[in-house]
Amino acid sequence: MNGLPRLVIALTLISLGAGLLLSLVESQTRAPIAEQRRLETLRALQTVLPAFDNSPDADTVDLVFGQDKKGRELTRTFFRGRQGGVLSGVAFTVVAPDGYSGNIAMMVGVDPEGTVVGLEILSHAETPGLGDKINRDDFKGQFKGKTLEGVDWRVKKDGGDFDQITGATISPRAVVKAVHQGMQFLQSHRTEVLATQGNSQ
Amino acid sequence: MSLLKEFRKGLWRENAVFRLLLGLCPTLAVTTSAENGLGMGLATTFVLVGSNVVVSLMRQVIPSKVRIPAFIVIIATFVTVVQLCMEAYFYDLYKALGIFIPLIVVNCVILGRAEAFASKNRLLPALVDGLGMGVGFTLALFVLGAVRELFGSGTLLGYAVFGSSYQPLLLLILPPGAFIAMGLLLAGMNSFDARRR
Chain S
0 MNGLPRLVIA LTLISLGAGL LLSLVESQTR APIAEQRRLE TLRALQTVLP AFDNSPDADT
60 VDLVFGQDKK GRELTRTFFR GRQGGVLSGV AFTVVAPDGY SGNIAMMVGV DPEGTVVGLE
120 ILSHAETPGL GDKINRDDFK GQFKGKTLEG VDWRVKKDGG DFDQITGATI SPRAVVKAVH
180 QGMQFLQSHR TEVLATQGNS Q
Chain B
0 MSLLKEFRKG LWRENAVFRL LLGLCPTLAV TTSAENGLGM GLATTFVLVG SNVVVSLMRQ
60 VIPSKVRIPA FIVIIATFVT VVQLCMEAYF YDLYKALGIF IPLIVVNCVI LGRAEAFASK
120 NRLLPALVDG LGMGVGFTLA LFVLGAVREL FGSGTLLGYA VFGSSYQPLL LLILPPGAFI
180 AMGLLLAGMN SFDARRR
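In the order they appear, the protein sequences are chains S and B.
Residues 0 to 200 in numbering that gives the first Met the number 0 are what the first sequence spells out, letter by letter.
Residues 0 to 196 in numbering that gives the first Met the number 0 are what the second sequence spells out, letter by letter.
Everything labelled a hint here was simulated from the structure, so no lab data went into it.
Keep in mind that a hint or two might mislead.
As the list claims (entries may be wrong) - Below, simulated BS3-like cross-link-like pairs (lysine-lysine); rule was C-alpha separation at most 27 Å, straight line:
| # | chain 1 | residue 1 | chain 2 | residue 2 |
| --- | --- | --- | --- | --- |
| 1 | S | Lys132 | B | Lys94 |
| 2 | S | Lys143 | S | Lys155 |
| 3 | S | Lys176 | B | Lys4 |
| 4 | B | Lys94 | S | Lys139 |
Modelling step: build the complete structure from the supplied sequences, incorporating the hints.
So this is what it looks like as structure tokens:
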């Protein structure tokens with residue numbers, strides 16, 4: 000037993016042991032990981048939505064908003080916050096593909112009248128110290144109270160109503176554009192988002 | 000005490016980052032803050048100790064022709080364990096370190112210790128070697144991260160150190176700053192060593 004079979008058996012046994020250990024660890028960490036991801040969504044929802052007393056992450060509507068390069072349908076999830084059973088706001092995530100480096104994912108909260116309540120950056124890879132200032136409250140705060148009508152959804156450098164960041168125009172421009180598109184999508188699908196019953200009530 | 004010697008060599012004389020210049024990819028990439036450096040260092044230490052122990056225990060069983068794939072499987076297993084546990088219990092750190100956690104697999108410090116030390120030594124020395132190398136690696140990442148964070152964003156472990164009038168030296172947080180800070184630290188260590196001799 001010194002030729003190829005020995006090598007194969009040794010490697011197989013090692014991989015088997017590795018697989019066993021990993022499946023054990025995975026089964027132990029599955030629930031905490033799912034909980035962490037849920038908490039992260041919930042934290043973002045709490046910052047962008049008006050007061051709610053339901054579980055917006057369980058009261059959702061999925062709408063198709065386009066297709067990816069392979070022709071598969073892309074859906075967008077709308078989280079609905081309710082206070083005492085009355086709709087208090089809708090939140091959804093948008094992804095800006097045109098940041099300075101990589102995608103910028105964010106969550107937008109809108110009240111039933113269509114006014115932005117809050118914006119939260121979920122993930123980004125913008126330059127530290129420059130583009131990452133999109134995560135600062137004074138940048139995110141200026142979205143609050145904005146509506147689709149009567150606001151020029153561009154950064155000031157392009158003639159719009161939103162302050163850009165000194166030294167970084169690309170990141171704010173991408174954020175403003177993505178939020179604007181998300182708002183337009185919500186506007187054109189208002190009835191579905193606001194009226195239909197959720198996936199689970 | 001030879002065990003103590005095995006431990007201490009990783010801290011200074013054979014420090015993976017500052018002396019052997021191994022594992023520089025994660026070193027340069029994640030040390031934008033002291034906390035990230037510490038987290039990455041501890042994760043690497045865990046993998047290093049785990050893989051050293053297992054490789055040392057199995058050194059008689061693993062045929063030398065397939066030792067490298069066997070080592071990689073063992074290392075990758077520990078890395079995945081770290082990744083899952085970190086995502087479950089240290090979610091913020093997990094998000095900050097991102098892609099560099101799975102990349103611990105290809106950190107050549109770990110394969111280097113498995114090949115050069117653990118596969119030739121008994122359990123206890125291998126464990127101590129992994130611990131020493133890991134602590135040395137963690138220290139190096141922590142120091143580099145602290146220097147970059149201190150001057151790059153004016154904070155240390157998230158606490159403001161300099162007043163608000165301090166204009167952060169952004170360059171140090173950016174990728175070129177990693178090389179510059181690393182080079183300056185190396186120069187400092189070399190001149191310290193030269194003077195002591």
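Now for the hints, and whether the structure bears them out:
1. S:Lys132 <-> B:Lys94: OK: Lys132 of chain S and Lys94 of chain B at ~18 Å, within 27 Å.
2. S:Lys143 <-> S:Lys155: Satisfied, since the Cα-Cα distance of roughly 17 Å is no more than 27 Å.
3. S:Lys176 <-> B:Lys4: Violated. Lys176 of chain S to Lys4 of chain B sits at ~60 Å, over the 27 Å cutoff.
4. B:Lys94 <-> S:Lys139: 21 Å, holds
The structure does not agree with numbered hint 3 stated previously, though it agrees with all others.
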